[in-house]
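Colleague: Produce the complete structure using the sequences and hints provided.
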Amino acid sequence: MIEIHNLTKYFDDIKAVDEVSVTIREKTVFGLIGTNGAGKSTVLRMLTGVLKPDGGTVAVDNMPVYDNVEAKKKLFFIADEPYFFANANAGTMERYYSGIFEAFNREEFYRYLEKFNLDRNRKISTFSKGMKKQLALLLGICAHTKYILCDETFDGLDPVMRQGIKSIFAKEMEERGLTPVIASHNLRELEDICDHVGLLHKGGVLLSKDLEDMKCNIQKVQCVFCSVEDELKALNGLEVLKKEQRGSLCTITVRSTREEVEARFATVDTIFYEVLPLSLEEIFISETEVVGYDIKKLILG
Amino acid sequence: MTSKNSFWDSCKENHKRRIWVWIVAVLSQLLVYGGMTTIYLSRIKGFYEDGTYRNVTQYKQAMYQAARDALGFSDNLYPIIFLLAALIAMQGFSYLYDRRKVDLYHSVPVSKNRRFAVVYVNGLIIYVTATLMGLALGTVIAISQGAVTPDVMAEMGLAFLWNLAFFLFFYHLMMLAVMLTGNRFVTICVFLVFAFYEICVTMLLDSLKRTFFETYSSYFIGYEEKLSPFYDYTANIWQLKNAENAAQAARMAMPLAAKWFGIALVVLAFAWFAYKKRASEAAGKAIAYRFLEPVMKVAVTIPAAFVIGQLVYDTSYQNELLLVLGMLIGGLIVCAIMEVVYDFDIRSLFKHLFSSAVALIGILAIFCSFKWDLFGYDSYIPAQNKVESIAIYPNGYYDNYWDENGKYIDNAEYQKETMFLTDTEPVLALAEKAEETDPETEITDAVEILYRLKSGRQKARVIRVNYDDPETEALLDRIFRTDAFQKGMFQGMTDETSYDQVTRITYSNGAAKTVVPKEEAKGLRDAWIGDMKQFGFSLVRHNRPCGVIFMEYGSSMGYIQRQYYVYDSFTNTIDYLKKQEAYYPVELPAAEVDSITVTCYHNEFLQDPEAAFRDDPGYALDREARAMPVNTMSEDVYVDYTTQETFYEEEQIAQILQHVDPNYIDAPWTNYGNDTDDRNNYSLEVVFKKDSSYPYERGSYYFTYSFRNGEVPEFVKEATAYTGEEEEDLSPAGVG
Chain A
1 MIEIHNLTKY FDDIKAVDEV SVTIREKTVF GLIGTNGAGK STVLRMLTGV
51 LKPDGGTVAV DNMPVYDNVE AKKKLFFIAD EPYFFANANA GTMERYYSGI
101 FEAFNREEFY RYLEKFNLDR NRKISTFSKG MKKQLALLLG ICAHTKYILC
151 DETFDGLDPV MRQGIKSIFA KEMEERGLTP VIASHNLREL EDICDHVGLL
201 HKGGVLLSKD LEDMKCNIQK VQCVFCSVED ELKALNGLEV LKKEQRGSLC
251 TITVRSTREE VEARFATVDT IFYEVLPLSL EEIFISETEV VGYDIKKLIL
301 G
Chain B
1 MTSKNSFWDS CKENHKRRIW VWIVAVLSQL LVYGGMTTIY LSRIKGFYED
51 GTYRNVTQYK QAMYQAARDA LGFSDNLYPI IFLLAALIAM QGFSYLYDRR
101 KVDLYHSVPV SKNRRFAVVY VNGLIIYVTA TLMGLALGTV IAISQGAVTP
151 DVMAEMGLAF LWNLAFFLFF YHLMMLAVML TGNRFVTICV FLVFAFYEIC
201 VTMLLDSLKR TFFETYSSYF IGYEEKLSPF YDYTANIWQL KNAENAAQAA
251 RMAMPLAAKW FGIALVVLAF AWFAYKKRAS EAAGKAIAYR FLEPVMKVAV
301 TIPAAFVIGQ LVYDTSYQNE LLLVLGMLIG GLIVCAIMEV VYDFDIRSLF
351 KHLFSSAVAL IGILAIFCSF KWDLFGYDSY IPAQNKVESI AIYPNGYYDN
401 YWDENGKYID NAEYQKETMF LTDTEPVLAL AEKAEETDPE TEITDAVEIL
451 YRLKSGRQKA RVIRVNYDDP ETEALLDRIF RTDAFQKGMF QGMTDETSYD
501 QVTRITYSNG AAKTVVPKEE AKGLRDAWIG DMKQFGFSLV RHNRPCGVIF
551 MEYGSSMGYI QRQYYVYDSF TNTIDYLKKQ EAYYPVELPA AEVDSITVTC
601 YHNEFLQDPE AAFRDDPGYA LDREARAMPV NTMSEDVYVD YTTQETFYEE
651 EQIAQILQHV DPNYIDAPWT NYGNDTDDRN NYSLEVVFKK DSSYPYERGS
701 YYFTYSFRNG EVPEFVKEAT AYTGEEEEDL SPAGVG
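Going down the list, the sequences are from chains A and B.
Residue 1 is where the first sequence starts when you use our numbering, and the numbers rise one by one after that.
Residue 1 is where the second sequence starts when you use our numbering, and the numbers rise one by one after that.
It should be emphasised that the hints constitute simulated quantities derived from the structure, not laboratory data.
Any given hint could be a false lead.
Some, not all, of what chain B presents toward chain A, calculated at C-beta under 8 Å [stated by the list, open to error]:
hint, residue
1, Arg18
2, Arg100
3, Lys101
4, Asp103
5, Val108
6, Ser111
7, Lys112
8, Arg278
9, Ala279
10, Ser280
11, Glu293
12, Val295
13, Gln534
14, Ser538
The beta carbon of each residue, even a glycine, is placed where N, CA and C say it ideally should be.
Modeller: Set out below in structure tokens:
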């Protein structure tokens, strides 16, 4: 488990990370979301021991991480622009990492390389941006560390590759308890990968929740009520996060379970009603609007 | 068995990232050592083929020397060491400049200490391996030419250690520069500032003291740098190259190498500390530590401003107002440039005005402290109870000093090492007296003083005193009479040289040169030392030596000649010389002299160029065409006022000889006077008769003498008066 408590970081006079507290559980995919400059990379760089926090603590399996070799053995960091040695090919990088990470699985690495159609002898400098990210991910996966931390690594990966990586993550999580931490500025990139999401804004955490919890506890209902009384009766006692009306069609976002919503709507007269699945984007919009933020501006631009 | 992540595995992996540095280091060392050995040895072979060497032994010696020059101590290596050290250190830690590299290296499970050690040791391995490869190549070439001896090999080893000490210093210094910065350009600037800061500041202080302090002198305490590797390397390399053997070279080189090993270790400790504390986010920044920015700004701006001010001062005919303006404007420009460099942003020109103000105030404060001598530099005279001893050098005497190996010793160095005046009262009184002396109205001479304080510190000053002031003369006389002064001033007083090394003793009265048997060296010297008891300033100020003894030393010491001045009152010495039939009075016998040619320069016309023409009827009419003095270098009109007369009459010669002194013998501390004094206005050439039995030095055709002031006979004055008419050719050739 990675525990981040009141993590703070200044760059000169700028407070880049402001008392962030997050817990990353094992065997979950943790998504760290935020706009550019929200502090995602800084949090990840502190998490991997690249940066020294100015305040607060980072503990990886109860070990401080800064300049701690034992803690770092459990981490593999893929930066937003991963660095590869000059004139290196995939084999060069494998030899470097296998010298550093004792559990590095060379056979697995070359098997994955073939699977992803990456030429082991081709100079990495001739790779496309996406290919470089794939290579970095494969190196990270094959290093067999407990945690893999990816900074914007999935942005720009094509859906096929993303699906491929996702399935490898799933396999590794199941087989050896891999815990990926993925930072991105794009909610849509993380929707189908993450189990838990932390939203960073201006260096602080706006929210940190399990995706399933969020999905289960927020429902979107489209309905046409027969009368105003029916509407009042249906919504009475429900926490309405958002309500839009176009003509007689109401779109209501409420904080509740699907079962409770369906039970409530069954007791009133409606011409039509349907409980719809919410996208991660919609959940975030709803959650952040509650605390006074316009998420569209924050994440979606 | 080593683990996959052992130290040496890390080193091996690190070497893969440093291949181009390997290539540069190895190639440069192979070229330098291999090239130098080939060139030096071929040159000697060429000389041998041209017949420069008399025999094979001499040729072989030259070959050994050439091998020593190429593979041992060499001044050619210094730039290579400097550049290699800087390159290896900067490349090794260059990942710190790049955020992407930092993200990689600092996130993997390798401790900071391990990474530092790996990069550090690898850099050392690169230099040492490249150097050994170069030396090996040079040695193979030298062996193939038969130019290697055990001594050459030993010196090669010593030079390797010597160079390694300096390499380590620069290697560590560049590492420190890298740790303090986050950008290559700034690193190089900081490295150069570190490497040359002491030299610049020392030279600057020297220049300021020279400009503003009347009593500043670098005679006893020069501005030699204490922590300058450049100085220590270059100042000693010549002696090391010329050491007689490896053992002597080791004695000279190793203490200095140890000093630089020690300093290098201190710098390494700083570099390591800075590395440990360096934040990863410093990558790409100008300065890694924010608090250092104003410190560096002030530390660089102040000396830079003074250099700019000094340039303005020198080019503006020493205008102090322009000096101040130059410093302030220069200081502001340097501050602005540094801010731009710190932020890599031209808009930062006037950022952090507080530190700029501190720098400018510092500049003004330093300037004021020099200009108005706020710390009392010129008025410094230590309290008598604080002075341990004093060394003093009153101008007016010059001698050469040698060490026991026959090597030349600098005058100040010799006096500093040997003169310990514990009777400090007359020197301090002299310093006080100097404060009353006005160099504008009095004729003064410089007296160099070194105060050795009881605290262990040493302070040097130069004062100006009037030798002709009776009180000054009395004080100097007290100083001159002390054993400590005489021993520190005249090496003949403390000569440790073995008498059997004396090869020749001669005595000269200015014209005669007689030989004293070399076995008499001890007796003659003892007699002279006995006479030195009456030596004092009054004696030398008012009397010229009547002769001088030259003792020459030879053999392994090289050629040394010591002079022992003899005065009329040195009766012991004179009697000893008489016993050896070597003494001849300074007055020459007129009967032995064939002629005396007196030349008068009429220097009085140089003081008043128009004096010679005042009575000329055309004087008032044609000022433009008026003759100019000789020394005005006029291209149009040139008048030589020199007049010359040769005297052949024995009576006249006898009269002249009563009033002259030989020029051949220096007269320490005597008053040489000015140009219009008779001593300088006239010169005499004394020619002996061809059949003379007088033991004058046969190689010379004539001997030069000067009149004593106020003793020029009237007939000489008349004969050499300037008449304005063209002089007749009176030279012996003309007469003959």
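Colleague: In ascending order, which of the hints set out earlier in this document are inconsistent with the structure?
Modeller: 1, 8, 11, 12, 13, 14
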